[in-house]
Amino acid sequence: MKIENLIKEKNCTIVDVRTHEEFMGGHVADSINIPLAELQERMEEIENLKSPLILCCASGNRSGQAQHYLSQKGIDCYNGGSWLDVNYYQSRTN
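At the far end of the sequence shown sits residue 94, using the working numbering, and the numbering has no gaps.
Misleading hints may appear alongside valid ones.
Simulated pairs of lysine-lysine, DSSO-like, Cα-Cα distance not exceeding 30 angstroms [stated by the list, open to error]: (1) K10 with K73; (2) K73 with K50; (3) K73 with K2; (4) K8 with K73; (5) K10 with K50; (6) K2 with K50; (7) K50 with K8.
Derived DEER-like restraints, expressed as beta-carbon distance ranges [claimed, not checked]: (8) M43 with G64: 16 to 26 angstroms; (9) T93 with E41: 25 to 35 angstroms; (10) N11 with S71: 29 to 39 angstroms; (11) E41 with R92: 31 to 41 angstroms; (12) S91 with Q40: 23 to 33 angstroms; (13) S59 with M24: 11 to 21 angstroms.
No lab work stands behind these hints, which were simulated from the structure alone.
As the structure is a computational prediction, the values presented were derived from the model and not from experiment.
Glycine included, every Cβ here is placed at the ideal spot set by N, Cα and C.
Work out the full structure: start from the sequences and follow the hints.
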């Protein structure tokens with residue numbers, strides 16, 4: 001399923017893997033912030049989120065790293081790329 005459809009149907013959780021400071025500077029509505037550096041220590045929280053996860057960051061690089069790591073842990077997730085792209089898809093659902 002395409003990422004846009006998952007977001008449109010509100011059938012996912014959007015996780016922003018940027019730093020807390022970057023997140024506070026702007027983020028996708030209803031997204032949650034779990035910085036890339038905190039993924040390992042927050043696995044229990046991540047496992048309890050509504051899946052699949054749509055991961056985003058500034059450019060798609062960190063979310064790609066997060067997607068690779070979480071996929072290896074059995075988490076259903078997708079690299080959404082830039083949070084601005086994910087925000088655009090989210091804005092079209094209203």
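Hints versus structure:
1. K10 with K73: holds (23 angstroms)
2. K73 with K50: Status holds; Cα separation ~16 angstroms.
3. K73 with K2: Answer holds: K73 to K2 is near 22 angstroms, not above 30 angstroms.
4. K8 with K73: Measuring from Cα to Cα gives roughly 26 angstroms; hence the hint holds.
5. K10 with K50: holds (10 angstroms)
6. K2 with K50: holds (17 angstroms)
7. K50 with K8: Answer holds: K50 to K8 is near 15 angstroms, not above 30 angstroms.
8. M43 with G64: 16 to 26 angstroms: Holds: the Cβ-Cβ distance is about 19 angstroms, inside 16 to 26 angstroms.
9. T93 with E41: 25 to 35 angstroms: holds (31 angstroms)
10. N11 with S71: 29 to 39 angstroms: violated (18 angstroms)
11. E41 with R92: 31 to 41 angstroms: At roughly 34 angstroms between Cβ atoms, R92 and E41 fall inside 31 to 41 angstroms, so the hint holds.
12. S91 with Q40: 23 to 33 angstroms: Hint holds: Cβ distance 32 angstroms, inside 23 to 33 angstroms.
13. S59 with M24: 11 to 21 angstroms: holds (18 angstroms)
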